[in-house]
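Student: Chain by chain, the residues:
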Amino acid sequence: MTAPDANLPADVTLTDAAIAEEAATLDAVWRDAPGFWGWLTSVDHKSIGKRYLITAFLMFLAGGIEAAMMRAQLARPENAFLGPDRYNQIFTTHGTTMMFLFAVPVMNAMGLYFVPLMVGARNVAFPRLNAFGYWCYLVGVVFLYVSLFVNMGPDTGWTAYVPLSGPQFAPGHRVDVWAQLVTFTEIAALAAAVNIIVTTFKMRAPGMSLNRIPIFVWAQLVVSFMIVFAMPAVATGSTIMLAADRAVDTQWFNPAEGGDSLLWQHVFWFFGHPEVYIIFLPALGLITPIIETFSRRRVFGYSALVLANITTAFFAFGLWVHHMFATPIPELGQSLFTAASTLIAIPTGVQIFCWLVTMWSGRPRFTTAMLFVLGFFFTFVIGGITGVMLASVGFDQQAHDTFFVVAHFHYVLLGGAVLPLMAAFYFWYPKVTGRLLSERLGKWHFWLFVIGVNVTFFPMHILGLEGMPRRVYTYLEPTGWGSLNLLASLGAVVIAISVVIFVVNLVKSYWVGDVAGPDPWSSSGLEWATSSPAPSYNFLHTPIVGSRHPLWEPIADAPVLVGLRTDRREVLLTTTFDARPDSRNHHPNPSIWPLYVALCMGVTFIGSIFSPYFILGGIGLAFIGLAAWAWQSSHPAGHELIAAPEAEPV
Amino acid sequence: MRRLRPAGSVAELPTVTFGHRSLMWWGTLGFMTIEGWTTALLVACYFYLRQNFVSWPPLRTPLPSLLIPSINLAVMLISIVPAYLVERAGKRLEALPMRRWLVVSSLFGIAILVLRWYELWSLNIRWDTNAYGTAAWTLVGFHATLLVLDVADTIGLTLFLFIKRMPPKTFSDAADNSFYWYFTVCLWIPLYLIVYVGPRIF
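Chains as they are written, first to last, in numbering that gives the first Met the number 0: chain A, 0 to 649; chain B, 0 to 201.
Chain A extracted, bound-state conformation (with noise of 0.2 angstroms):
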C-alpha cells in the first residue's frame, strides 16, 4: 500500500517496549563506527554536517584574525607591522577564507544538518557524496593554510585579477595554490547542491508537497539551484583557464595571441555576484523560522518569500558587469545592469516587509537569536541602501575599488549572512548538541557585535569618499585618514571581544548549558519533533505532514508510516511534487572510498601545480578509489521488490 491513510497491517502497534527495541535495532544499523575509524567511515548527515560547521567556524575566526592583522597595520599612518608582500598575502587569504572557506560551507553545512532534519528524512539523498564534499573541502583548507605559512599565500586579491594573476606577473606559485583552491571548494559546494536538490525533491515526509516546503528548505533549494549554475563559471575561470594559462601555457588571457584579460572578469563575476547570493539567501531562509517561532505567528507572505527568493535568485545572474563599471563597457550595457542591480532590491523589499509584518502583528520574545535578527535588519539594510549607490555607473566610478565599496559588502555580508547565522546559531544549537547557549552571554555577543561591526566598517564610507583604495597596505599622514582608520580599528578590537564571548559560549554550554529538551522554543518545524541531539536514525517512524507547521497542529497524536525496514539502511522516497510515499531506498553504510578519492583529488589538483602528469597520476589512482566506491554499493541484498519501469508516477 502507498498511501498515508490506508489500512495497517494487524501486526503493527507501537507499545513503548516495541518503540524501545525498534530505536535499538536502528541505532545499531544507522550509527557510525566506533573510534577513529568511524569519523573517517561516517557517512551521516549530522557528523559530517557538524564537521563542515566547525571547520567553516575556525575558518571564521581564522579570517577574522586576518582582519584583525589587516586592522593593526592600518591603525596608523606608515605602519610597519605588516609589509607590502605580507599584506598582500593576508588581504587575499583573508577575501578567500571568508568567501570560499567561510560564507559558502557554512550555509552549505547548516543545509546539510538540517534539510533531511526539516523534511523528515534519515539522511541525504547521496551519503557518500556527501562525505566526499567535505573531505574535498578538508583538503581545500589545509592546503591555502600551509600554502600561507610557507609564504606560498595567495597575494593577488580574491577576485585574482588576470593580468595580474598570469604567469607574466605572478610568477612562483602563490597563484597557483588559489586556483586549485577554488577547484576544492567549488568541488564540495557542487556535492553539496546536488545532495540538497535531490533531498529536497526526492526525500521529503509523506504530504509535505512543495508548497508545505519550510521556507528554510526553500532556500536552501534555490542556493543549491544557484551553486549549480554560478559554480562552473569560477571552475572555467580559475581550473580550466587561470591555472592551464600558468601550467600549460594557454593563452586565453593573453592579449598577444588574441587572449582577453576583460574576460576573466566576465567569468569570475558570472561565478562572482551569484556567489554573494549564494551566502545571503540561505540567511533569508534561517531568520523566517526563528522569526516565526518567537513572534508566535505563522510567517506573514510565504508564497511572496518563495517567490521573492527565486526571483532574486534569476536577478543574481543578471548583475555581474555592476562590479566592471570601470572597464570599458558599452553604454547600453551599463544601463542594463545598473537597471537590473536596482531592480534586485525589489524582492528583497518584499521579504523585509514580510518579516516585519509578521513581528508587527505577532507577540515578539526578543531570545538572543531573535536581537541578531533585528540587527539584521539594521546592518544588512545600510548595505543595501550602499548597494544601489553602487549601482549607478557614474557613483560607481568615483567609489571604485576605495573603501567605500569595503565598507559596502563587509555591511552586506556580515549584515546579511553572519547575524543571521549567529541568530541561527542561538536558536539551533540546542538541537545539534542538546544544551541551550546561554543567554546572557548572547546578548553581551549581541551588542558588542553589532556596535563594532557599525564601528568598524561606517567609517570606511567616509575613507572612500576621501579617495581612500582599498587593499594598500598603508598611507601617508598628510591623508588624514589616520583617525577614522583607528576608529575602525578600535571597532575591530570590539568585533574580537564579542567573538571572543560567543566562542566561550559556545564552549561553555556544551557541558554545562541548560538540557534544551525536544523543543526549547516551541517551535514548528519538524527538526524540533525529534530528540536533542537527533539520534542516528533522525525519525523513529517516517512523519506525516499536513501542513506547513507541522508541529502547530492542533492535533492530539503524530500520525506516522511505519514498514521501512530496520535490519539495513532504508530510506523512503517520494513523489517530487507531492510528497507521496514512492519507495523505498537502500543507502549506503559508512565508507572509506569518499576519504580516499578526496585525497586523490588532492594529488590532482595540488601536484598539478608543480606537474601536469600528477594530473594523471592522481586521476588514475582515484578511478581505483571509484571502482572500490562501486563494488562497495553492489552487493545483492535480498528481498528486493522492482518496480515496473513504466508505472512512473511523477
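Some hints could be false.
[Stated by the list, open to error] Using 25 angstroms as the maximum straight-line C-alpha spacing, the simulated SDA-like pairs for lysine to any residue come out as follows:
hint: 1; chain 1: A; residue 1: K442; chain 2: A; residue 2: V514
hint: 2; chain 1: B; residue 1: K90; chain 2: A; residue 2: L640
hint: 3; chain 1: B; residue 1: K163; chain 2: A; residue 2: R567
hint: 4; chain 1: A; residue 1: K49; chain 2: A; residue 2: K507
hint: 5; chain 1: B; residue 1: K163; chain 2: A; residue 2: I500
hint: 6; chain 1: B; residue 1: K163; chain 2: A; residue 2: V506
hint: 7; chain 1: B; residue 1: K163; chain 2: B; residue 2: E93
hint: 8; chain 1: B; residue 1: K90; chain 2: A; residue 2: T575
hint: 9; chain 1: A; residue 1: K49; chain 2: A; residue 2: V506
hint: 10; chain 1: B; residue 1: K90; chain 2: A; residue 2: V506
hint: 11; chain 1: B; residue 1: K90; chain 2: A; residue 2: W630
hint: 12; chain 1: B; residue 1: K163; chain 2: A; residue 2: P587
hint: 13; chain 1: A; residue 1: K49; chain 2: A; residue 2: A643
hint: 14; chain 1: B; residue 1: K90; chain 2: A; residue 2: Y595
hint: 15; chain 1: B; residue 1: K90; chain 2: A; residue 2: A629
hint: 16; chain 1: B; residue 1: K90; chain 2: A; residue 2: A643
hint: 17; chain 1: B; residue 1: K163; chain 2: A; residue 2: R297
hint: 18; chain 1: B; residue 1: K163; chain 2: A; residue 2: W630
hint: 19; chain 1: B; residue 1: K163; chain 2: A; residue 2: A61
hint: 20; chain 1: B; residue 1: K90; chain 2: A; residue 2: S633
hint: 21; chain 1: B; residue 1: K163; chain 2: A; residue 2: V514
hint: 22; chain 1: B; residue 1: K90; chain 2: A; residue 2: E639
hint: 23; chain 1: A; residue 1: K49; chain 2: A; residue 2: M68
hint: 24; chain 1: B; residue 1: K163; chain 2: A; residue 2: I623
hint: 25; chain 1: B; residue 1: K163; chain 2: A; residue 2: D566
hint: 26; chain 1: B; residue 1: K163; chain 2: A; residue 2: G624
hint: 27; chain 1: B; residue 1: K163; chain 2: A; residue 2: E569
hint: 28; chain 1: B; residue 1: K163; chain 2: A; residue 2: A621
hint: 29; chain 1: B; residue 1: K163; chain 2: B; residue 2: M23
hint: 30; chain 1: B; residue 1: K163; chain 2: A; residue 2: A642
hint: 31; chain 1: B; residue 1: K90; chain 2: B; residue 2: E11
hint: 32; chain 1: B; residue 1: K90; chain 2: A; residue 2: F314
[As the list claims (entries may be wrong)] Pairwise CB distance ranges (calculated):
hint: 33; chain 1: B; residue 1: E11; chain 2: A; residue 2: G516; range: 32 to 38 angstroms
hint: 34; chain 1: A; residue 1: V247; chain 2: B; residue 2: F201; range: 48 to 54 angstroms
hint: 35; chain 1: A; residue 1: A22; chain 2: B; residue 2: I77; range: 54 to 60 angstroms
hint: 36; chain 1: B; residue 1: I162; chain 2: A; residue 2: V141; range: 50 to 56 angstroms
hint: 37; chain 1: A; residue 1: L306; chain 2: B; residue 2: F161; range: 50 to 56 angstroms
Keep in mind the hints are simulated off the structure, nothing from the lab. Just so it is clear, CB atoms sit at the ideal spot from N, CA and C, and this is done for glycine as well.
Knowing the structure of chain A, use the given hints to seat chain B on it.
Tutor: Okay, now just chain B, sitting in the frame of chain A:
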C-alpha cells in the same frame, strides 16, 4: 513529544525503481546539468575570443580537418543504438542481453576515445599557439573528459557483471548509464559543428 500514531505502512513499496523515481537518475541529471552548463560557458568564451580576431581561424592557421571528427561523430551516433538496447534490456530485467549490449557499448566507447585522440590533433593547431587553439582544444578536451568518465563507468559496470553477482538495482544503474551516454553524445553535436565546421563558415 507527541504520541506516535501509525497511519500506514510502506513495507510493500518497491526497492528498485527506474528513471525519475530513482535517486541515481536525479544524481545523473545533476551531473549532466553541471557539465552541460560548463560546456555552455566554454562555448560562450570561445565566441568571446572570436571577437579578437579578424578571421577564424586566425591568419596562417590551417582549418581543422573534418575526416576523423566526422567519422567519430558517426560512430557516436551509432553508439546510441547499443546504449538504447542496454536501457531496454535493463528495464525489461533481462540480465544477459543487458550484459551483451554493455560489452558492445564498451567497445564503442573505447573506439570513440581512440578516435578522440586523433580528433584533438585534427584541430591542426596546438593549445598554446594562440587563443583560437586554446579555445578549440579546451572544448574538445573538456568533452573528452566526459567521454572518459562515461566509458570508464560503462566498462566498470560490464566487468562487475562478469565477475560478481550484482543486485537488481544494477538494471536501473545500467539504464541511467545509457541516459548519461545520450547526453554525452548529444552534447557533442553542437561542439562538433562549432569547432570543426564553424571555422569554415565564420
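Student: Given the hint that K49(A) pairs with A643(A), does the C-alpha gap stay at or below 25 angstroms?
Tutor: violated, 39 angstroms
Student: Sort out whether A642(A) lies within 25 angstroms of K163(B), counting only the CA atoms.
Tutor: Status holds; Cα separation ~23 angstroms.
Student: Given the hinted pair K163(B) and V514(A), is their Cα-Cα distance within 25 angstroms?
Tutor: Not OK: K163(B) and V514(A) at ~51 angstroms, beyond 25 angstroms, violated.
Student: Quickly compare the C-alpha distance for K49(A) and K507(A) to 25 angstroms and report which way the hint goes.
Tutor: Given pair K49(A), K507(A) holds - Cα atoms ~17 angstroms apart, limit 25 angstroms.
Student: CA of K90(B) to CA of E11(B), is that 25 angstroms or under?
Tutor: holds, 20 angstroms
Student: Does the structure keep K163(B) and I623(A) at a Cα separation of 25 angstroms or less?
Tutor: This hinted pair holds, its Cα atoms lying about 17 angstroms apart.
Student: So if I understand the rule, the pair passes when the alpha-carbon distance is 25 angstroms or less; does K90(B) with V506(A) pass?
Tutor: With Cα atoms ~54 angstroms apart, K90(B) and V506(A) exceed 25 angstroms; violated.
Student: Does T575(A) sit within 25 angstroms of K90(B), going by the straight-line distance between their CA atoms?
Tutor: With Cα atoms ~21 angstroms apart, K90(B) and T575(A) stay inside 25 angstroms; holds.
Student: Is the hinted pair K49(A) and V506(A) satisfied, with a Cα-Cα distance of at most 25 angstroms?
Tutor: Given pair K49(A), V506(A) holds - Cα atoms ~14 angstroms apart, limit 25 angstroms.
Student: Mind checking the alpha carbons of K163(B) and W630(A) for me, to see if they're no more than 25 angstroms apart?
Tutor: Holds: K163(B) and W630(A) sit about 9 angstroms apart, inside 25 angstroms.
Student: If you draw a straight line from the CA of K90(B) to the CA of Y595(A), is it 25 angstroms or shorter?
Tutor: violated, 33 angstroms
Student: Tell me if the straight-line CA distance from K163(B) to E569(A) falls inside 25 angstroms.
Tutor: With Cα atoms ~23 angstroms apart, K163(B) and E569(A) stay inside 25 angstroms; holds.
Of the hints listed earlier, those the structure fails to meet are numbers 5, 6, 10, 13, 14, 17, 19, 21, 23, 32, 34 and 36, in rising order.
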